[in-house]
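Visitor: Sequence:
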Amino acid sequence: MNIILDECYSKNIMAVKLWIEEGSRSDPKDKKGIHQILSSTMLRGCGPYNNQQVAEIVESFGANLNCDTYEDGILISLKCIENDAFKLLPLIGWMISKPLLEKEQIDLEKDLTIKAIKRQKESTYQLAFDEWRKMIYGDGPYGHDPLGLIDDINQIEREDLLPIAKSIIDRKKTLVISGKFPTNVDTYIK
Numbered sequence: 001m002n003i004i005l006d007e008c009y010s011k012n013i014m015a016v017k018l019w020i021e022e023g024s025r026s027d028p029k030d031k032k033g034i035h036q037i038l039s040s041t042m043l044r045g046c047g048p049y050n051n052q053q054v055a056e057i058v059e060s061f062g063a064n065l066n067c068d069t070y071e072d073g074i075l076i077s078l079k080c081i082e083n084d085a086f087k088l089l090p091l092i093g094w095m096i097s098k099p100l101l102e103k104e105q106i107d108l109e110k111d112l113t114i115k116a117i118k119r120q121k122e123s124t125y126q127l128a129f130d131e132w133r134k135m136i137y138g139d140g141p142y143g144h145d146p147l148g149l150i151d152d153i154n155q156i157e158r159e160d161l162l163p164i165a166k167s168i169i170d171r172k173k174t175l176v177i178s179g180k181f182p183t184n185v186d187t188y189i190k
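So the sequence shown is numbered by the numbering used here: it starts at 1 and just counts up by one.
Some clues are possibly wrong.
[Unchecked claim] Calculated pairs, DSSO-like style, for lysine-lysine (alpha carbon to alpha carbon, straight line, at most 30 Å):
hint, residue 1, residue 2
1, Lys118, Lys134
2, Lys29, Lys172
3, Lys121, Lys134
4, Lys29, Lys118
5, Lys29, Lys103
6, Lys115, Lys103
7, Lys79, Lys172
8, Lys79, Lys98
9, Lys17, Lys98
10, Lys115, Lys29
11, Lys17, Lys115
12, Lys17, Lys180
13, Lys17, Lys166
14, Lys79, Lys166
15, Lys103, Lys172
16, Lys173, Lys79
17, Lys134, Lys115
18, Lys98, Lys29
19, Lys11, Lys180
20, Lys31, Lys17
21, Lys166, Lys115
22, Lys17, Lys79
23, Lys115, Lys31
24, Lys172, Lys31
25, Lys11, Lys173
26, Lys103, Lys118
27, Lys180, Lys87
28, Lys118, Lys17
29, Lys17, Lys87
30, Lys98, Lys31
31, Lys79, Lys11
32, Lys31, Lys134
33, Lys134, Lys172
34, Lys31, Lys118
35, Lys98, Lys180
36, Lys29, Lys134
37, Lys103, Lys79
38, Lys121, Lys29
Hints in this document: simulated from the structure, not taken from any laboratory.
All chains, please: the whole structure from these sequences, using the hints.
Guide: Here it is as structure tokens:
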């Protein structure tokens, strides 16, 4: 894993970005959107915490934790104050090593993703971009939006997510921490 630490003393704010290679371009042909469902569900319970506990931890510290899927990777983002890093940084590790992937949370994310795809279909800009993408990339790995396709998302089950979730830990990663962070930040990274 590549690690970049960029300390800035202007505020006690710490920003973390963890880039995990391979995103929607690695979606199987009949499961377009599986990386989107996985990355969204990783936020909904990991390690010893269920979805409500993760939300409570993040919100109680006034922090921001997101996980987004792109064509070439998954990006986990955390923003918090330095003093809260001890509680929040381990969440990132658990997201990639021990996501709970509970069925009801997967179903909720599938529903939310399908709604997002339907909203995109109302945007003339998005429709034009999707047609351009099809012309340029065809049915190749970049030929679909990272959100996936509705028919494929409806077919995704927990069993489909498990091998992809397991592969996350072995993928190439780049970690960037910027701002004011604890002097023992290496302990949290491990």
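Visitor: For which of the previously enumerated hints does the structure constitute a violation, in increasing order of number?
Guide: none
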